[in-house]
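Construct all of the structure, not just a fragment, from the sequences and the given hints.
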Amino acid sequence: MDKKIIMDKSKEHKKKDIIRLEEVHKDYTMGNTKIHAVNGVSLDIHRGDFVAIIGPSGSGKSTMMNLVGALDFATTGDIYLDNVDIEHLYESDLAQLRGRKIGFIFQTFNLIPTLTALENVMLPMIFQNINKEERTEKATKILTRLKMGPRLNHLPSELSGGERQRVAIARALANDPEVILADEPTGNLDSKTGEGVIQIFEELNEEGKTIIMVTHDPNMAKHADKVYRLRDGMIVK
Amino acid sequence: MLTDLFKLSLNNLRRRKLRSWLTMLGIFIGIAAVIALISLGQGLQAAVTGQFASLGTNYLTVQNAETGFGPPGSTAIEKLTDHDLELVEKTRGVKTVSAVLIRMGKVEYNDRISFGYVRSIADDEFKLKEEYTALDLKAQEGRLLKIGDNKKVLLGNNYAKDTKFGKGVQVGKKIIINSEEFEVIGILKSSGNIIMNDVVVMFYDELKENLDIGDEIDLIGVSVEETEDPAVVAQRIEQAMRKDRNEKIGEEDFSVQTPLEMLSAVNQILTAVNAIVIGIAMISLVVGGIGIANTMYTSVLERKKEIGTMKAIGARNSDILWIFLIESALLGLVGGIIGVIIGSAAALGVSSIANSFFGGEIIKVNLSIPLIIFAVGFSSLIGIVSGVVPSYQASKLSPVQALRG
Chain L
69 MDKKIIMDKS KEHKKKDIIR LEEVHKDYTM GNTKIHAVNG VSLDIHRGDF
119 VAIIGPSGSG KSTMMNLVGA LDFATTGDIY LDNVDIEHLY ESDLAQLRGR
169 KIGFIFQTFN LIPTLTALEN VMLPMIFQNI NKEERTEKAT KILTRLKMGP
219 RLNHLPSELS GGERQRVAIA RALANDPEVI LADEPTGNLD SKTGEGVIQI
269 FEELNEEGKT IIMVTHDPNM AKHADKVYRL RDGMIVK
Chain E
2 MLTDLFKLSL NNLRRRKLRS WLTMLGIFIG IAAVIALISL GQGLQAAVTG
52 QFASLGTNYL TVQNAETGFG PPGSTAIEKL TDHDLELVEK TRGVKTVSAV
102 LIRMGKVEYN DRISFGYVRS IADDEFKLKE EYTALDLKAQ EGRLLKIGDN
152 KKVLLGNNYA KDTKFGKGVQ VGKKIIINSE EFEVIGILKS SGNIIMNDVV
202 VMFYDELKEN LDIGDEIDLI GVSVEETEDP AVVAQRIEQA MRKDRNEKIG
252 EEDFSVQTPL EMLSAVNQIL TAVNAIVIGI AMISLVVGGI GIANTMYTSV
302 LERKKEIGTM KAIGARNSDI LWIFLIESAL LGLVGGIIGV IIGSAAALGV
352 SSIANSFFGG EIIKVNLSIP LIIFAVGFSS LIGIVSGVVP SYQASKLSPV
402 QALRG
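As given, the protein sequences belong to chains L and E, one line each in that order. Position 222 of the first sequence, counted from 1, bears residue number 290 in this note's numbering, the numbering being contiguous throughout. Position 142 of the second sequence, counted from 1, bears residue number 143 in this note's numbering, the numbering being contiguous throughout.
Bear in mind the hints are in silico, worked out from the structure with no lab data behind them. Keep in mind that this is a model prediction, so the values were computed, not measured. Fair warning: there could be bad hints in the mix.
Facing chain E, according to a computed beta carbon distance under 7 angstroms, are these residues of chain L, among others [said to hold, decoys possible]:
(1) Asn134
(2) Ser160
(3) Gly167
(4) Asn178
(5) Ile194
(6) Glu201
(7) His291
(8) Val295
Quick list of in silico lysine to aspartate or glutamate cross-link-like pairs, DMTMM-like style, CA-CA up to 20 angstroms [claimed, not checked]:
(9) Lys397(E) / Glu155(L)
(10) Lys102(L) / Glu91(L)
(11) Lys8(E) / Glu201(L)
(12) Lys306(E) / Glu159(L)
(13) Lys305(E) / Glu159(L)
(14) Lys96(E) / Glu229(E)
(15) Lys306(E) / Glu252(L)
(16) Lys209(E) / Glu182(E)
(17) Lys397(E) / Asp161(L)
(18) Lys397(E) / Glu91(L)
(19) Lys8(E) / Glu205(L)
(20) Lys8(E) / Asp161(L)
(21) Lys153(E) / Asp124(E)
Yeah, the Cβ is synthetic: ideal placement off N, Cα and C, and Gly gets one too.
Encoded structure:
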C-alpha cells in the first residue's frame with residue numbers, strides 16, 4: 069500500500085505525455101484484401117506509467133507495438149514521441165531519437181549472436197557515439213546491477229534464456245531511455261524466470277521509468293497499473 | 002564510430018568462417034593469377050630483352066623473309082647467295098659481312114645424343130674478331146676459335162653442365178657432331194641469350210663440309226661502321242637489295258633487322274600475350290566479385306532480424322550501410338592479400354623451375370611494389386563495388402519489415 073502511494077506521487081509531478089497516439093489507423097494490403105490492423109486508436113502514455121497492452125493474437129498487438137515504439141508510421145493519424153511528430157522526422161533522425169528515448173525488449177531477446185553480453189549492451193551506445201571508456205563502464209554497471217556481472221564476456225549462446233533476457237533488458241537500459249517497450253518479454257521464459265523479469269520492470273518503474281508491455285498473458289498484465297485491451301485493432305477498455 | 006562498426010563487420014566474417022573463405026577463394030585465385038602472370042610476364046620480357054641486348058647494337062642481320070627469328074634452313078625458301086653477300090658488303094657504312102649458317106645438328110657425347118643449333122663463324126681473322134664482339138662471345142674455359150684451328154668447336158655454356166649428356170663436356174674432349182668428330186677448344190661464358198647457351202660454334206667452311214652442302218647462306222651478319230647509324234645502314238642495304246632483286250617496297254622477300262627492331266617485334270608479341278592472359282585473370286576477378294555480391298545478399302537476408310534489432314536500438318541507415326560495406330570490402334582486401342602471397346609464390350616457383358630447366362637466371366620474377374599495391378587495391382575495390390547494392394538494400398530495410406525476419 070505504501071509503495072503505491074510513493075509511486076503515485078512520483079507520477080504526479082511527471083505527468084506529461086511521452087508517447088501519444090491520436091486517431092491512429094494502420095492498414096496493410098495482403099494480396100487483394102486490405103487489413104485494418106489498427107483502427108482508430110488514441111492513447112496517452114505518461115512518464116512513469118506502467119502500461120500493459122493486452123490482446124489475443126491477431127488483435128493488432130504487434131502493429132501497436134511497432135507504432136508505439138516509433139518503428140513504423142501510421143497510415144493516418146499522428147504519433148508523438150516526446151512531443152515530436154515522428155511523421156516529420158527523417159528515418160535516421162528517428163532512429164537516433166528512438167535509440168535515446170526507447171529501450172526495446174523482444175520476446176526472442178534479439179541479441180547479436182557474435183557479440184558478448186557486454187558488447188551487446190554497448191551496441192546502442194555505439195549508435196549514439198558514446199566513447200569506449202564510458203560505454204564499457206556503463207554497460208558493466210548495468211549488467212552487474214542485473215546480476216550478470218560474472219557473465220560479461222559470454223556469448224548469447226552460452227547463456228540461459230533468463231540470462232539472455234536480462235542482457236536484453238540491460239541493452240534496453242543502455243542509453244537511459246525514458247521508456248522501456250517490451251514485446252512479450254516473458255513469452256519465451258518459464259513462469260518463474262518470467263516473474264523475475266516482471267520484478268525488474270517493477271523496480272525500474274519505481275525509479276521512474278515508463279514501462280510499456282505488450283502481452284497476451286493477463287497474469288503478466290496484472291502487474292501494470294494501466295491496462296489497454298486490444299481487439300480487432302481497437303481499444304476496448 | 003567507424004572503428005566500432007569495423008569490429009562488428011570483422012566479427013560477422015569470423016562467425017561465418019567457411020563461407021568467408023569460400024567467397025574469398027574467387028578473389029584470391031584471380032589476384033594470384035594477375036600477380037603471377039604479370040610478374041612472370043615482366044620477367045620474361047626482361048629475359049627476352051636480354052637476348053637482344055647481348056647482340057651489339059651495330060650488328061645487323063640479313064635474312065630471307067618468312068624465316069622470322071627462327072633458324073633458317075628449315076623452310077624451303079630461297080637461300081641467300083654470295084651475290085647478296087657482295088651486295089651488302091659494298092653498301093656504304095658496312096664494315097664487314099659474314100655468311101652465317103645456323104642449322105639443327107645431332108650432337109653426341111658420352112654415348113648420348115642431343116639436338117641443338119650449330120652456328121658457323123667467319124674464318125677470316127678480321128671478320129672473326131668482329132663477330133666475337135657483336136655476339137659477345139667469351140670463353141669461360143679454354144679459348145675462342147683462332148684462324149688455323151682444325152676441326153675444333155666452341156660449346157655453349159649448357160654443354161658444360163651434367164644435364165645434357167649425364168656429365169659435362171670438358172675442354173679438350175672429343176664430341177661428335179652429325180657423325181663427325183670435333184675437339185672442344187672452349188666453353189662459352191653463360192649468355193643472356195638462351196640460344197647461345199646451347200649452341201655449337203664452328204668455322205663456316207667446316208660446317209658446310211659437315212652438312213655436306215654447297216654455297217648456302219642462312220643469314221648475313223653485318224657489322225656497321227661505328228660512325229654510322231645502324232638503322233640508316235639497314236635502310237641502305239634494303240634499298241640496294243630491292244633494286245638488285247627488282248622488288249617494290251613492301252614486297253621484299255628478305256629482311257634486314259637491327260637488334261632494336263627484333264626486340265620491339267618480340268616485345269609486341271609478349272605484350273599481346275600478356276594482355277590476353279591478364280584479360281582472362283580479370284574475368285576470374287569479375288566472377289570473384291559476383292561471389293562477394295552473392296554472399297552479401299545471402300548475409301543481408303539471413304541477418305534481417307539483426308538489422309531490424311539494430312535499427313530499433315538506434316542504428317541509422319548509414320550505420321547499417323557501413324557495417325555491410327566494410328564486410329564486403331574486407332572480403333576483397335583479405336582475398337587480395339592472400340592472392341598476392343599465392344601469386345608471388347607461384348611466380349617464384351615457375352621461375353625456379355624454368356631456370357633449373359634452361360640453366361642460369363633466365364626468368365627473373367619481377368614483383369614490384371606498385372603491382373602489389375594495385376592488386377590489393379583493386380581487389381578491395383571489387384569487394385566494395387560488389388557490396389554496394391546489398392549493403393544499400395540492407396540499410397533501406399524498414400525496421401518493422403526487418404524485425405519480422
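Hints and how they fare:
1. Hint status for Asn134(L) relative to chain E: holds, with the closest Cβ pair at about 5 angstroms, below 7 angstroms.
2. Because the smallest distance between the Cβ of Ser160(L) and any Cβ of chain E comes to about 4 angstroms, under 7 angstroms, the interface hint for this residue holds.
3. The criterion of a C-beta within 7 angstroms of any C-beta in chain E is met by Gly167(L), whose closest approach is roughly 2 angstroms, and the hint holds.
4. With 7 angstroms as the threshold, the beta carbon of Asn178(L) comes within range of chain E, its nearest partner Cβ sitting at about 4 angstroms, so the hint holds.
5. Contact between Ile194(L) and chain E, as hinted, is supported at the beta carbon level, the nearest pair being about 5 angstroms apart and thus within 7 angstroms.
6. A hinted interface residue such as Glu201(L) counts as satisfied when its beta carbon comes closer than 7 angstroms to some beta carbon of chain E; here the least separation is about 13 angstroms, so the hint is violated.
7. Interface restraint check for His291(L): the shortest CB-CB distance to chain E comes to about 24 angstroms, outside 7 angstroms, so the restraint is violated.
8. Hint status for Val295(L): violated, given a least beta-carbon distance of 24 angstroms to chain E, over 7 angstroms.
9. Only pairs whose Cα atoms come within 20 angstroms are accepted, and Lys397(E) paired with Glu155(L) is accepted, the gap being roughly 17 angstroms.
10. For a cut-off of 20 angstroms, the pair hint linking Lys102(L) to Glu91(L) stands: about 18 angstroms separates their Cα positions.
11. Distance check on the hinted pair: Lys8(E) and Glu201(L) sit about 16 angstroms apart at the alpha-carbon level, within 20 angstroms; holds.
12. This hinted pair checks out: Lys306(E) and Glu159(L) have alpha carbons roughly 18 angstroms apart, not beyond 20 angstroms.
13. Restraint check for Lys305(E) and Glu159(L): satisfied, since their Cα atoms lie roughly 18 angstroms apart, inside the 20 angstroms limit.
14. Note on Lys96(E) and Glu229(E): the hinted pairing holds, with a Cα-Cα distance of about 10 angstroms set against a maximum of 20 angstroms.
15. Distance restraint check for Lys306(E) and Glu252(L): the Cα-Cα separation of roughly 17 angstroms lies within the 20 angstroms cut-off, and the hinted pair is therefore satisfied.
16. Of the pairs offered as hints, the one joining Lys209(E) and Glu182(E) holds, with about 15 angstroms between alpha carbons and a cut-off of 20 angstroms not exceeded.
17. At most 20 angstroms may separate the alpha-carbon atoms for a hinted pair to count; Lys397(E) and Asp161(L) meet this at roughly 14 angstroms.
18. Between Lys397(E) and Glu91(L), the direct Cα distance comes to roughly 28 angstroms. Violation of the 20 angstroms bound is thereby established for this hinted pair.
19. For the suggested pair Lys8(E) and Glu205(L), the alpha carbons sit about 19 angstroms apart, so the restraint of at most 20 angstroms is met.
20. Proposed proximity of Lys8(E) and Asp161(L) is contradicted: the alpha carbons are some 24 angstroms apart, above 20 angstroms.
21. A C-alpha spacing of about 12 angstroms is found between Lys153(E) and Asp124(E), which places the hinted pair at or below 20 angstroms, so the restraint holds.
Taken one by one, the earlier hints fail for this structure at numbers 6, 7, 8, 18 and 20, listed in ascending order.
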